[in-house]
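Got chain S; can you put chain W on it based on the hints?
These protein sequences, in sequence, are chains S and W. The numbers in the working numbering rise by one with no breaks, and the one at position 55 of the first sequence is 57. The numbers in the working numbering rise by one with no breaks, and the one at position 125 of the second sequence is 127.
Rather than coming from a laboratory, the hints here were simulated on the basis of the structure. There's no promise every hint is true.
Unchecked claim - Taking lysine-lysine and the PhoX-like style, the derived pairs with C-alpha atoms no more than 20 Å apart in a straight line are:
#	chain 1	residue 1	chain 2	residue 2
1	W	K51	S	K66
2	S	K66	S	K51
3	S	K159	S	K51
4	S	K51	W	K66
5	S	K66	W	K66
6	W	K51	W	K66
7	W	K159	W	K66
Protein chains: 2
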Amino acid sequence: MSAPGPKLEFWYEFASTYSYLSAMRIDALAAAAGVAVAWKPFLLGPIFKAQGWDTSPFNLYPAKGRYMVRDLERLAADRGLAFVLPAVFPQNSLRATRLALIGGDEGWIVPFTRAVFAAEFVHGADIADTRLLDTLLRSLHLDSERLLSRIAQPDTKARLQQRTAEAQQRGVFGAPSFICGGELFWGDDRLEQALAWAARP
Amino acid sequence: MSAPGPKLEFWYEFASTYSYLSAMRIDALAAAAGVAVAWKPFLLGPIFKAQGWDTSPFNLYPAKGRYMVRDLERLAADRGLAFVLPAVFPQNSLRATRLALIGGDEGWIVPFTRAVFAAEFVHGADIADTRLLDTLLRSLHLDSERLLSRIAQPDTKARLQQRTAEAQQRGVFGAPSFICGGELFWGDDRLEQALAWAARP
Chain S
3 MSAPGPKLEF WYEFASTYSY LSAMRIDALA AAAGVAVAWK PFLLGPIFKA
53 QGWDTSPFNL YPAKGRYMVR DLERLAADRG LAFVLPAVFP QNSLRATRLA
103 LIGGDEGWIV PFTRAVFAAE FVHGADIADT RLLDTLLRSL HLDSERLLSR
153 IAQPDTKARL QQRTAEAQQR GVFGAPSFIC GGELFWGDDR LEQALAWAAR
203 P
Chain W
3 MSAPGPKLEF WYEFASTYSY LSAMRIDALA AAAGVAVAWK PFLLGPIFKA
53 QGWDTSPFNL YPAKGRYMVR DLERLAADRG LAFVLPAVFP QNSLRATRLA
103 LIGGDEGWIV PFTRAVFAAE FVHGADIADT RLLDTLLRSL HLDSERLLSR
153 IAQPDTKARL QQRTAEAQQR GVFGAPSFIC GGELFWGDDR LEQALAWAAR
203 P
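Chain S extracted, bound-state conformation:
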């Protein structure tokens, strides 16, 4: 059963600093705008690879990388958020993303997503580490053993591949992206505009 009313898709990548910013504020802004949010985790790696990049553009272009860190520091401070760049950047987000897809089916994707982003960008933790994921799942009172065992299962892998292919098909080239109908909005700084678009009568 799908709720009526305006909807916005929130496409995010766990390794993405700007996705962290959006994940921490989208629910409050969407509620105020009367818009429902569909959380869509995906992997940017294959999309970057298709355009010839083997890592984040923030690593490929050092001036852009230095700028991104300062931009995040300023934006996070304005919003009362903490921000640290983890020692390894970008992080390997494969396991966390597969878990989030399961969370989408089971109703815990939103708190799990926020917990992963906080571990990564507030505490600098390594989100590829199964022990960290185990701790996060338990903190949400979830059956960690069952969920961790599903990460490597073929159906989980296939779903993430489909999700990422869908992102590419729909024109997503960075994260976060917001989609409403045929309209794509890229970047945390387009969140308000995307919500206004979704809420139009």
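Relative to the frame of chain S, chain W by itself:
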């Protein structure tokens, strides 16, 4: 003589669509914030070349290019501005930028900059065309013959090279960029934040 009070440097590239957006609104926003603006035209080409790009990233990455056009259409519509992508993109901005540097010395840089951007992104004109530049200079009641003859002079060339080297040195990697003291802000969507930073007590 330099005016007292807060200042913001506006670094722009004539070929840049987002620089067009900022050029059309920075004066009104800066006046409201009590901030003086220093207009700093420069060339992005050499900076892109230094990071391995031989054209605009909007051409190198087609999904990003398609998005940019739609993003500009939406933003321009919201602001009551026209927007067309010129037939050749990015345009060769060398001559217009050298003229703008002279305009900085002589006090006509702001109306000239707006006239160039309007010709390019409202009317789709070719800003590399000396006849167009002649028309724009005359429309501002300037001595077009004298100014066009200065475009290829060694001191004009040297000044633009210095300006572009300064941009690179100060961490500029895209346009528009705004600089206040040691703080760099990138993108038309950071203009309000940059002005607020410059206006801080």
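Exercise for review: Please write out, lowest number first, the hints stated earlier that are contradicted by the structure.
Suggested key: Failing hint: just 7.
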